[in-house]
Amino acid sequence: MERNDKNSWQSEFVDFISTDSASVPPTLTMRILGHVADDLNPSAFAVFRKISFIQFLVGTFTLLFCPQFGISLTSSQGLMPYLMKFGDSVCMLGCGALFTGLSFIIVSVALRPEEIRALKRNEVLQLVSLAALSLGSFVCVGGEIVITLGLVWALGAVLSAAVTLEAGWAMRKYFARRAFA
Amino acid sequence: MLKEHTDEELMLAYQLGDEAAFRELYSRHSGKVLNYLRSKVRNEAKALDIFQAAFLKLHKFRARYNPTLPFAPWLFTICRSELLDQIKTDRRRQLELMVAEVPDAPFAHELQSQEIEIDIKQLSSEQRQAIELRFHRNFSFEDIAQALETSPSNARQIVSRAVRSLKGIYGKK
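Quick note, the sequences are listed as chains X and D, same order.
In terms of the numbering used here, the first sequence opens at residue 1 and continues consecutively.
In terms of the numbering used here, the second sequence opens at residue 1001 and continues consecutively.
A few of these clues could be false.
Stated by the list, open to error - Facing chain X, from chain D, some residues (calculated, C-beta under 8 Å):
{"hint": "1", "residue": "1012"}
{"hint": "2", "residue": "1016"}
{"hint": "3", "residue": "1017"}
{"hint": "4", "residue": "1036"}
{"hint": "5", "residue": "1041"}
{"hint": "6", "residue": "1043"}
{"hint": "7", "residue": "1057"}
{"hint": "8", "residue": "1072"}
{"hint": "9", "residue": "1148"}
Since the hints were made in silico from the structure, they are not lab data.
The structure displayed is predicted, hence computed values, not measured ones.
Virtual Cβ for every residue (Gly too), placed ideally from N, Cα, C.
Next comes chain X alone, as it looks inside the complex:
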């Protein structure tokens, strides 16, 4: 049996196709299916850790042009004056949306498909937890948060993350199918 022998490959393939089906020992089947199931169903916590890390990096980046609760990486006010024209609530909604929206564009591309599926299985819990973690982090670094506006910010963050994730995942599936169409 030589690896590069095309005729040998073909004749063996014909044998393979025409061979009968044997019954596979159930323990072996369980082992293989179990391995695949474990790999295709990552834990919610592992996924949360990953999205938190991405959120930390991208969220920090957004502070360059969109201060959050008085915290900024630059001395400029960035987008805040434009958003404030529409009022406090709209500004908070927009800031929250921007803060997580950009991260979830990255999340929808960087995570493995099975991780995105795991994320979507308990999406509300994950996104609310992420928003709460972000608000907590802002408090820790000296952010000035008013509860009502903080809730509006969290609403913007959760909605934006959910929409961007859905859109990114839909595009990813579309391109995967299109690539092979």
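Knowing the structure of chain X, use the given hints to seat chain D on it.
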């Protein structure tokens, strides 16, 4: 519902993280794969090992599959490649065993430290038989002598000559 899908559609779903798609593919093809491997490997335990390795490899490299191409040849290629790897590994182990039998430290060390392949078919039929009996079936020299209808000392010489020939073949490579 998945039963209506083609293998290629299932592979695409599996690539997108759908575990049920893999289960369906496994139920369709596992029996055939195992029977094929059993026909190539006489040892049942080894056939099962290769079977498991093949499906784990399929899982590991699922993203490399192109769903516009038929699935069966891809699956077969993975099984065959695992089978060939196993055969190579077995050959290497046998050779290492042979070398260990003939104390010749520098050569043995060099041989064991490198990944080599030696074609035992290049030996004479008597030498091949002697090697088979000695190293694959663990026969004593007395038993080999009986099988080859010769004396034990001659059997020892045949084995020794065969190992020397293998060393010579290796030396040329």
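We went through each hint and held it up to the structure:
Interface restraint check: residue 1012 of chain D against chain X, minimum CB-CB distance 7 Å, threshold 8 Å, status holds. For residue 1016 of chain D, the suggested interface contact is upheld, since its CB lies about 5 Å from the closest CB of chain X, less than 8 Å. Hint status for residue 1017 of chain D relative to chain X: holds, with the closest Cβ pair at about 4 Å, below 8 Å. Contact between residue 1036 of chain D and chain X, as hinted, is supported at the beta carbon level, the nearest pair being about 5 Å apart and thus within 8 Å.
Here the hint on residue 1041 of chain D is broken, as its CB sits about 11 Å from the closest CB of chain X, past 8 Å. Below 8 Å, beta-carbon pairs count as interface contacts, and residue 1043 of chain D has none with chain X, the closest being about 15 Å; its hint is therefore violated. Evaluation of the residue 1057 of chain D hint against chain X yields a violated restraint, the C-beta minimum of about 11 Å exceeding 8 Å. With a least beta-carbon distance of about 6 Å to chain X, the hint placing residue 1072 of chain D at the interface is held under the 8 Å criterion.
At about 28 Å, the closest approach between the beta carbon of residue 1148 of chain D and any beta carbon in chain X exceeds 8 Å, and the interface hint on this residue is violated.
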